[in-house]
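> Residue numbers (UniProt numbering), protein chains in the order written: chain A, 1 to 338; chain B, 1 to 295.
None of these hints come from the bench; they were simulated from the model. Owing to the predicted nature of the structure, the values given are computational and were not obtained by experimental measurement. Be a bit skeptical, because a hint or two may be false.
[What the hints assert, rightly or not] Capping the alpha-carbon separation at 27 Å, the derived lysine-lysine pairs in DSSO-like fashion look like this:
(1) 259/B <-> 284/A
(2) 256/A <-> 12/B
(3) 193/A <-> 258/B
(4) 193/A <-> 259/B
(5) 193/A <-> 256/A
(6) 258/B <-> 284/A
(7) 258/B <-> 155/B
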Amino acid sequence: MENRSYRALGLFFSLFWLFLCLFPLWWVFVTAFKPPLAVSQGATYLPFIDFQPTLQAFRDAFSGQRGDFLNPILSSVYVSITATALSVFLGSMAAYALVRFEFRVRLLSGVIFGIVAIGGFILLTSVYGMRVPYALVIVLVVGLPVAILANRLPLPGPVMTNQDVTFWFVSQRMFPPIVSAFAIFLLYSESNKVGLRLLDSFPGLVLAYTAFGLPFAIWLMRDFFQTVPIEVEEAAQVDDIGRMRIFFQIVLPMAKPGLVATAMIVLAFIWNEFLFALLLTSSKWQTLPILLAGQNSSRGDEWWAISVATLISIVPMIVVAAILGRMMRSGLLSGSIK
Amino acid sequence: MNAAAHSQDRIKHAFLWPAFLIVLLISLFPLIYALSVSFQTMRLVPPTPPRFVGVSNYADVLVSARFWGSVWTTAIIVFASVALQYVIGFALALALHHNVPGAALYRVTFLLPMFLAPVCVALIARMIFHPVVGPVNDLFTFLGAPNIPFLTQPKLALAVLVTIEVWQWTPFVVLLMLAGLQGLPAEVFEAARVDNIPAWRRFRDITFPMLLPLSVAVVFIRLIEGFKIIDTVFVLTGGGPGTSTETVTLYAYNEGFKKFNIGMTSALSFVFLVVIILFGTVYLAAAQRLTRKYA
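Could you put the whole structure together from the sequences, leaning on the hints where they help?
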């Protein structure tokens with residue numbers, strides 16, 4: 001008796017939420033097909049009954065008369081696919097290394113790196129007046145080998161292991177992105193000045209988004225690799241097959257569902273990302289979210305046109321959500337919450 | 001150890017270093033640069049040569065009423081929306097876990113909002129809450145209420161922002177809490193059912209305490225993610241009316257890209273970073289005490 005009333009409550013609540021989830025999507029979908037009058041004269045809900053649907057808004061959008069639509073869509077597609085592929089590829093390599101090998105990093109050598117890098121950077125830019133990008137390259141080239149050598153020495157202090165390395169990657173995502181986005185903007189504009197074009201360019205955007213996607217990719221792929229049985233790899237090792245071949249020909253194919261799920265999640269993050277694109281692009285490589293954010297001021301109440309643009313951004317993500325939803329049903333994602 | 005095994009041990013660096021270098025280059029190095037900029041005055045327009053000014057940028061941030069206003073706005077949006085997300089999300093996860101009719105249909109639909117660009121969601125919200133052509137005001141008119149200017153009154157605009165955040169991010173709570181529920185040992189619940197413990201007490205005494213560590217993590221992730229909010233506000237209100245819905249990230253952006261006050265923006269983002277780290281530490285310490293008390 002009591003159980004049934006809970007079930008009824010649950011059903012009612014689920015249906016209510018289902019309506020709340022779907023109504024806004026229905027609204028943007030039908031608005032894209034509305035003629036201008038059906039928008040401006042108050043709310044209309046049902047096609048063919050409330051208004052006569054038209055494809056005019058789509059035709060306007062793709063004819064390119066009302067501002068450039070195609071270019072932001074294409075740059076969004078290029079940038080998000082390249083950056084997703086790179087971060088999933090490099091991220092799964094790193095995740096595999098973190099699962100199968102042992103890393104030991106002395107905290108002190110990290111501190112030494114920090115001191116050499118920050119001190120050297122301030123010295124080079126403020127005292128010697130060196131350009132920022134050159135100074136960065138120099139401190140990186142000097143600082144890293146010094147830190148690696150220091151790591152070999154029997155220094156005192158705590159030793160960090162794989163857990164800490166993973167945490168370092170993941171913690172990059174905990175920072176408010178304005179800190180790094182703004183810092184990257186400053187760095188990119190400096191490098192533009194010395195002729196290396198990163199601001200408003202494809203490589204610059206891909207680099208930033210790859211770094212943005214890597215922590216997710218490493219975190220998720222680590223869980224997937226932990227479920228891949230080690231015995232197969234050990235058998236291959238006995239046969240003297242190289243680690244790289246083991247990884248690419250045995251491990252990666254076995255982790256394929258994990259790769260797909262990770263790629264979908266990273267793709268969604270990059271496709272929808274706003275702040276980095278806002279700061280790092282100005283005209284040529286503007287992405288879809290930036291175009292959308294400008295719609296309201298450039299078009300005012302032309303909601304049919306805005307809806308078309310919104311739909312273009314939404315539809316790929318509906319496909320992504322559907323794929324992930326199917327994977328979730330098969331229990332794939334439940335492993336990654338631990 | 002033979003030679004082959006030794007080289008295989010070294011190959012681990014080839015696996016890890018590309019990812020490490022990219023993250024180091026893109027997140028750590030710009031940070032060092034921004035940190036050094038935050039102690040200088042630097043303007044892009046008109047371009048002035050950078051000058052070392054010590055902590056004066058930080059002092060400017062800390063006495064700025066607009067900064068504290070934006071902190072307050074961000075805090076209201078984040079805490080209100082995360083509380084609602086958690087309650088609604090947990091309830092929906094429970095319903096899905098107990099297989100309400102049509103659960104398969106809800107799963108994909110409930111996930112959907114969090115995969116949409118916040119910019120899109122804000123645009124849709126602008127349409128839906130539009131004073132003249134939006135369906136919400138249409139409903140209010142139908143019910144005999146006056147038209148409500150949702151986006152031009154500070155308190156209502158905040159409420160709309162909270163609504164959007166709840167709409168978009170409740171799915172995240174549903175996803176993780178559902179996975180958590182599915183991972184609970186079935187035997188405990190069987191035993192409780194045999195002992196005829198009512199459903200409400202089963203939830204209060206078994207489900208909730210067992211999922212407390214997960215809840216703490218989920219709420220933490222949502223809070224940290226929530227503090228980053230800019231795109232929704234940027235599109236929905238642009239921080240207005242006035243600066244009444246301006247969040248910290250939006251303020252930092254405006255300071256840097258409308259006033260071109262680079263030093264100040266850098267200082268601002270570092271103050272924000274310190275606030276987040278402090279908050280995270282306090283939250284995790286408090287959460288640890290709470291879980292220990294329950295366990």
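> Next, verify each hint and record whether it holds.
How the hints compare with the structure:
1. 259/B <-> 284/A: 23 Å, holds
2. 256/A <-> 12/B: Within the cut-off at roughly 21 Å; holds.
3. 193/A <-> 258/B: 21 Å, holds
4. 193/A <-> 259/B: Roughly 21 Å between the alpha carbons, so the hint for residue 193/A and residue 259/B holds.
5. 193/A <-> 256/A: Since the Cα atoms of residue 193/A and residue 256/A sit roughly 43 Å apart, the hinted pair is violated (cutoff 27 Å).
6. 258/B <-> 284/A: Status holds; Cα separation ~21 Å.
7. 258/B <-> 155/B: With Cα atoms ~25 Å apart, residue 258/B and residue 155/B stay inside 27 Å; holds.
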